[in-house]
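Visitor: Taken in sequence, the protein lines are chains Y and W. With the first letter of the first sequence counted as 1, position 123 gets the number 123 in the numbering used here; the numbers rise by one all the way through. With the first letter of the second sequence counted as 1, position 168 gets the number 168 in the numbering used here; the numbers rise by one all the way through.
Calculated from the structure, these hints are not laboratory results. Any given hint could be a false lead.
[To be verified] Straight-line alpha carbon distances no greater than 20 Å define the calculated SDA-like cross-link-like pairs of lysine to any residue that follow:
(1) K284/W x P15/Y
(2) K188/W x G110/Y
(3) K188/W x R109/Y
(4) K138/Y x K196/W
(5) K188/W x A79/Y
(6) K184/Y x D216/Y
(7) K196/W x A79/Y
(8) K138/Y x L211/W
(9) K26/Y x R288/Y
(10) K188/W x V73/Y
(11) K138/Y x P236/W
(12) K188/W x K26/Y
(13) K188/W x Y215/Y
(14) K188/W x F89/Y
(15) K188/W x P15/Y
(16) K284/W x S97/Y
(17) K94/W x P15/Y
(18) K138/Y x I179/W
(19) K284/W x R136/Y
(20) K94/W x L14/Y
(21) K196/W x R107/Y
This one's a predicted model, so the numbers in the text were calculated from it and none came from an experiment.
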Amino acid sequence: MTKIILENLAHSYLPNPTKDSDWALKPMNMTWQDGGAYALLGSSGCGKSTLLNIISGLLVPSRGRILFGDQDVTNLPTAARNIAQVFQFPVVYDTMSVRDNLAFPLRNRGMAEADVAKRVAEVAAMIGMTDTLDRRAKGLTADAKQKISLGRGMVRQDVNAILFDEPLTVIDPHMKWELRTQLKDLHRQFGHTMIYVTHDQTEALTFADQVVVMYDGRVVQAGTPQALFDTPEHTFVGYFIGSPGMNVIDAQVNGNIATVEGAQIALMHGFGALSGKTQLGIRPEFLRLSTGDDGLPYQISRIEDVGHHRILRGKVGTADVNVIVPEGQPIPADANRIIPDPAHTHVYVDDWRVDPAKAERAA
Amino acid sequence: MMDKPVNNRAWFLVLPVLLLVAFSAVLPLMTVVNYSVQDTFGGNEFFWAGLEWFDEVIHSDRIRAALGRQILFSAIILAIEIPLGIFVALNMPKKGFWASFCLVLMALPLLIPWNVVGTIWQVFGRVDIGLLGHTLKALGIDYNYVNDAIDAWITIIVMDVWHWTSLVALLCYAGLQSIPDAYYQAAKIDQASRWKVFRYIELPRMQGVLLIAVLLRFMDSFMIYTEPFVVTGGGPGNATTFLSIDLVKTAIGQFDLGPAAAFSLIYFLVILLISFVFYTVMTKDQGGQ
Chain Y
1 MTKIILENLA HSYLPNPTKD SDWALKPMNM TWQDGGAYAL LGSSGCGKST LLNIISGLLV
61 PSRGRILFGD QDVTNLPTAA RNIAQVFQFP VVYDTMSVRD NLAFPLRNRG MAEADVAKRV
121 AEVAAMIGMT DTLDRRAKGL TADAKQKISL GRGMVRQDVN AILFDEPLTV IDPHMKWELR
181 TQLKDLHRQF GHTMIYVTHD QTEALTFADQ VVVMYDGRVV QAGTPQALFD TPEHTFVGYF
241 IGSPGMNVID AQVNGNIATV EGAQIALMHG FGALSGKTQL GIRPEFLRLS TGDDGLPYQI
301 SRIEDVGHHR ILRGKVGTAD VNVIVPEGQP IPADANRIIP DPAHTHVYVD DWRVDPAKAE
361 RAA
Chain W
1 MMDKPVNNRA WFLVLPVLLL VAFSAVLPLM TVVNYSVQDT FGGNEFFWAG LEWFDEVIHS
61 DRIRAALGRQ ILFSAIILAI EIPLGIFVAL NMPKKGFWAS FCLVLMALPL LIPWNVVGTI
121 WQVFGRVDIG LLGHTLKALG IDYNYVNDAI DAWITIIVMD VWHWTSLVAL LCYAGLQSIP
181 DAYYQAAKID QASRWKVFRY IELPRMQGVL LIAVLLRFMD SFMIYTEPFV VTGGGPGNAT
241 TFLSIDLVKT AIGQFDLGPA AAFSLIYFLV ILLISFVFYT VMTKDQGGQ
């Protein structure tokens with residue numbers, strides 16, 4: 001077990017990338033700490049799987065290096081990296097029994113048969129397939145097959161890291177929760193570095209200590225789930241994490257005053273004069289409904305009751321803005337304004353968050 | 001339970017198909033059955049012969065020898081074409097220009113009419129003017145498919161391999177193309193050797209197409225007529241007289257319709273039986289459970 005370092009890593013599937021958009025992965029530096037539980041979160045096609053395949057050695061990056069501890073493994077084949085990986089769709093060896101499937105990676109590494117049997121029994125218990133060990137893998141259901149794939153990923157104990165590429169896509173919701181809990185237990189028990197690719201924020205936030213959000217071939221933010229929620233560094237993070245996601249509203253910012261649709265609101269910090277596309281980012285949790293002339297003009301179009309709170313869908317000018325109203329709090333019939341919480345109002349220029357501390361120093 | 005309307009008049013809707021099948025398959029077959037139990041001395045006069053012709057065919061040393069040669073021939077070409085086809089398919093490029101190029105190249109022999117294939121090899125193997133025969137002779141190898149039974153067999157087998165291995169390769173190639181990349185990636189992660197990738201991923205995935213390939217190649221080779229007829233005419237002696245060559249000699253050469261009809265029916269049943277055996281054996285462990 002070791003930490004994994006990506007140095008100036010970039011990848012393109014084209015032989016001669018020229019444009020920015022030719023790169024599936026834009027240059028990045030990143031360190032995955034030994035024993036960390038990471039979630040790699042992002043929408044489809046953002047480069048998550050590419051990054052995963054580069055770490056496991058299924059792809060050789062166009063540029064940069066990968067280090068496992070001190071060892072440069074950039075050009076090492078998958079077999080030499082000692083990595084386990086579970087894919088999105090189940091991969092089982094059809095003609096083998098469940099038992100032989102689970103034993104396959106161990107036998108290929110020449111493990112003694114007695115140890116194989118012991119380890120297979122442990123993993124079978126973990127994925128709940130002890131009773132089906134002697135069945136042929138072929139006739140099983142998709143989620144049973146995926147459990148076998150997961151089992152094969154976890155069966156080796158000496159791996160440098162276990163990579164999961166959206167492994168629970170085909171599993172039914174109840175089993176999903178159970179398997180995720182088991183993965184988490186496994187992580188606590190053995191301390192493997194785990195990287196878990198997903199586009200489901202719930203999955204990411206419940207599994208991982210550290211969430212890495214990717215967007216358009218870049219890592220836009222890496223941090224704890226709380227940090228991603230409180231201070232999204234990129235509008236995509238704000239929008240992607242949270243339900244509903246962060247509201248992003250066009251605004252002019254001057255000093256500590258933001259102007260939206262002719263209405264002015266005060267900010268906590270001074271930002272000087274900003275150039276570029278300026279936007280405010282406020283999570284629906286931090287908007288308060290109001291009447292009168294304070295705050296931003298708001299037009300409610302729909303109210304959704306989701307049980308423990310209500311979600312208001314509406315507009316500020318032309319921008320869609322959602323507001324979360326806690327249970328028990330009334331919604332005034334003449335509500336026409338929303339007041340943002342200044343402590344949770346972020347300013348974005350060209351989609352990146354402006355750090356108020358830096359902005360103040362610059363101003 | 002859904003209520004299905006039952007109306008026996010619906011059978012009339014199937015009638016056209018039944019008629020078509022009757023005209024195209026059942027009637028001709030029945031003609032053959034009709035001939036097989038009768039004897040004629042010309043003048044369109046027929047006499048009942050019972051199972052006499054069947055008895056004759058079954059006990060004919062000539063036909064038994066032809067059957068032996070036929071089984072040997074099919075066994076040899078299956079033993080060569082199936083593994084060779086798999087090997088070629090495994091080594092064909094997966095995508096890009098060369099993949100298309102290989103596909104076209106492989107398809108070429110399949111597009112050539114049987115008698116042309118026969119003619120090509122008949123000329124190709126000739127010692128006086130054929131490129132192959134002449135070259136072998138120049139190299140000091142004693143090769144002559146006209147006089148030597150072994151040489152005749154080698155020529156016909158090489159010709160069949162040349163003509164039909166492509167079919168096996170193309171079928172296997174299609175089977176291989178249907179394997180998702182994730183399988184190969186998982187095998188790499190699991191550190192499977194090349195042999196294990198073949199044994200546990202590629203071979204199981206090719207099982208379906210291999211069944212088709214084996215059946216097609218068996219049936220075609222068991223019925224082979226045109227190519228050996230053009231190349232060797234069944235000779236030297238009877239060395240390459242396969243069942244259908246013998247059958248045509250009986251039916252059209254000697255106009256022995258009764259024995260030929262009995263022969264045809266037995267021939268048909270043998271093919272059916274062996275195909276059934278292949279099918280049963282190859283699908284035996286596809287049950288799933």
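Visitor: None of the hints should be skipped; say for each whether it holds.
Guide: How the hints compare with the structure:
1. A threshold of 20 Å between alpha carbons decides the hint, and for K284/W with P15/Y the separation of about 47 Å lies outside it, so the pair is violated.
2. Annotation: proposed proximity of K188/W to G110/Y holds, straight-line Cα distance about 15 Å (limit 20 Å).
3. Restraint check for K188/W and R109/Y: satisfied, since their Cα atoms lie roughly 12 Å apart, inside the 20 Å limit.
4. Of the pairs offered as hints, the one joining K138/Y and K196/W holds, with about 17 Å between alpha carbons and a cut-off of 20 Å not exceeded.
5. Restraint check for K188/W and A79/Y: the C-alpha separation of about 6 Å stays at or below 20 Å, so the hint holds.
6. Distance check on the hinted pair: K184/Y and D216/Y sit about 29 Å apart at the alpha-carbon level, beyond 20 Å; violated.
7. Proximity of K196/W to A79/Y is assessed by CA-CA distance (about 14 Å); at most 20 Å being required, the pair is judged to hold.
8. For the given pair, K138/Y sits about 18 Å from L211/W by alpha-carbon distance, which is consistent with the 20 Å threshold.
9. Restraint check for K26/Y and R288/Y: the C-alpha separation of about 39 Å exceeds 20 Å, so the hint is violated.
10. For the suggested pair K188/W and V73/Y, the alpha carbons sit about 16 Å apart, so the restraint of at most 20 Å is met.
11. As the CA atoms of K138/Y and P236/W are separated by approximately 52 Å, the hinted pair breaks the 20 Å bound.
12. Of the supplied pair hints, the one linking K188/W and K26/Y is violated, its CA atoms being roughly 26 Å apart against a limit of 20 Å.
13. For the proposed pair K188/W and Y215/Y, the alpha carbon gap of about 28 Å is over 20 Å, so the pair is violated.
14. Simply put, K188/W and F89/Y have alpha-carbon atoms about 16 Å apart, close enough for the 20 Å limit, and the pair holds.
15. Restraint check for K188/W and P15/Y: the C-alpha separation of about 24 Å exceeds 20 Å, so the hint is violated.
16. Among the hinted pairs, K284/W with S97/Y is consistent with the structure: their alpha-carbon atoms are about 17 Å apart, no more than 20 Å.
17. The straight-line distance between the Cα atoms of K94/W and P15/Y is roughly 18 Å, inside the 20 Å bound, and the hint therefore holds.
18. Restraint check for K138/Y and I179/W: satisfied, since their Cα atoms lie roughly 15 Å apart, inside the 20 Å limit.
19. A C-alpha spacing of about 14 Å is found between K284/W and R136/Y, which places the hinted pair at or below 20 Å, so the restraint holds.
20. Proposed proximity of K94/W and L14/Y is supported: the alpha carbons are some 18 Å apart, at most 20 Å.
21. With a C-alpha separation of about 12 Å, the suggested pair K196/W and R107/Y falls inside the 20 Å cut-off, and the hint holds.
The structure is inconsistent with the numbered hints 1, 6, 9, 11, 12, 13 and 15, although it conforms to all the rest.
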